[in-house]
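For the protein sequence lines, the chains are A and B, in the order given.
Numbers 1 to 117, taken from the working numbering, label the letters of the first sequence in order.
Numbers 1 to 114, taken from the working numbering, label the letters of the second sequence in order.
Worth flagging that the hints you see were computed from the coordinates, not collected in a lab.
It is possible that some hints are incorrect.
[Said to hold, decoys possible] Far from chain B by the CB rule (all over 10 Å, computed), these chain A residues:
| hint | residue |
| --- | --- |
| 1 | Arg22 |
| 2 | Gly40 |
| 3 | Gln41 |
| 4 | Glu44 |
| 5 | Glu71 |
| 6 | Lys78 |
| 7 | Arg81 |
| 8 | Glu85 |
| 9 | Asp86 |
| 10 | Ser87 |
| 11 | Ala88 |
| 12 | Glu105 |
| 13 | Gln106 |
| 14 | Pro110 |
| 15 | Thr115 |
| 16 | Thr117 |
[What the hints assert, rightly or not] Think about it this way: if two alpha-carbon atoms lie no more than 27 Å apart in a straight line, the pair counts; the simulated DSSO-like pairs of lysine-lysine are:
| hint | chain 1 | residue 1 | chain 2 | residue 2 |
| --- | --- | --- | --- | --- |
| 17 | A | Lys11 | B | Lys38 |
| 18 | B | Lys3 | B | Lys70 |
| 19 | A | Lys57 | B | Lys70 |
| 20 | A | Lys14 | A | Lys78 |
| 21 | B | Lys70 | B | Lys38 |
| 22 | A | Lys78 | B | Lys70 |
| 23 | A | Lys11 | A | Lys57 |
| 24 | B | Lys38 | B | Lys3 |
| 25 | A | Lys78 | A | Lys57 |
Glycine is no exception: its CB is placed at the ideal position from the N, C-alpha and C atoms.
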Amino acid sequence: GAGVSQSPRYKVAKRGQDVALRCDPISGHVSLFWYQQALGQGPEFLTYFQNEAQLDKSGLPSDRFFAERPEGSVSTLKIQRTQQEDSAVYLCASSLRVLGGSPYEQYFGPGTRLTVT
Amino acid sequence: AQKVTQAQTEISVVEKEDVTLDCVYETRDTTYYLFWYKQPPSGELVFLIRRNSFDEQNEISGRYSWNFQKSTSSFNFTITASQVVDSAVYFCALSANYGQNFVFGPGTRLSVLP
């Protein structure tokens, strides 16, 4: 079966450029998460969607980061005016979890490696 | 606030040795969930186990076993008779607040040498 897919797998951007990272979750998964993983570190939470609603965006590092999931399936993470410190792997995960229920395990995509030069 | 600590940054063992990866967590929630994920060199995180705070039974799955001790806030992971394919970075994670987000530890890089 199809897992979580992300595109592009690699992105090189010049400082100041805008980038858009796409995530296709597993079909039927209600919850979608974005994480940022710096080299040699664990994933750090950025934001969480339940269907199309963005319920938590407390992990977004600045207002240059914006995420959306307009139809409750595909999600896009946009970074405006990229900076060198934005270089990282951006991971998307989806799960079956329903609000109020116990958290199901998250299934992760392969990530997008963003390099800002 | 939630926190996960994995004190071992890197571990190297020789094939067939047993190895235990430590995980210590902090949370004020009484209901929470703990997870282990494996990240092989290919990069994709693979789910291994989920355990809730009310179930302190240890679990065994093949060569993998997990020891959950609420008294010490630990959720350790043991690989028995390690194999080269076990080489990866292993992350422990905590989910509280009804799973609104996951807090990952910094990971332990395991190298199993032939």
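Hints, verified against the model:
1. Arg22: holds, 16 Å
2. Gly40: violated, 8 Å
3. Gln41: Its Cβ does come within 10 Å of chain B, the nearest being 6 Å, so this is violated.
4. Glu44: Non-interface label on A/Glu44 violated, nearest chain B Cβ at 7 Å vs cutoff 10 Å.
5. Glu71: The claim holds: A/Glu71 sits with its nearest Cβ about 22 Å from chain B, beyond 10 Å.
6. Lys78: holds, 20 Å
7. Arg81: Its Cβ never comes within 10 Å of chain B, the nearest being 26 Å, so this holds.
8. Glu85: holds, 18 Å
9. Asp86: holds, 18 Å
10. Ser87: holds, 15 Å
11. Ala88: holds, 12 Å
12. Glu105: A/Glu105 not clear of chain B: closest Cβ-Cβ about 4 Å, inside 10 Å.
13. Gln106: violated, 7 Å
14. Pro110: violated, 5 Å
15. Thr115: Since the minimum Cβ distance to chain B is about 15 Å, A/Thr115 lies beyond 10 Å and the statement holds.
16. Thr117: At about 21 Å from chain B, A/Thr117 clears the 10 Å cut-off, so the statement holds.
17. A/Lys11 - B/Lys38: holds, 24 Å
18. B/Lys3 - B/Lys70: holds, 15 Å
19. A/Lys57 - B/Lys70: Cα-Cα ~30 Å, so violated.
20. A/Lys14 - A/Lys78: Roughly 15 Å separates the two Cα atoms, so the pair holds.
21. B/Lys70 - B/Lys38: Cα-Cα ~23 Å, so holds.
22. A/Lys78 - B/Lys70: Status violated; Cα separation ~40 Å.
23. A/Lys11 - A/Lys57: holds, 23 Å
24. B/Lys38 - B/Lys3: holds, 19 Å
25. A/Lys78 - A/Lys57: holds, 13 Å
Violated hints, in rising order: 2, 3, 4, 12, 13, 14, 19 and 22; the structure is consistent with all others.
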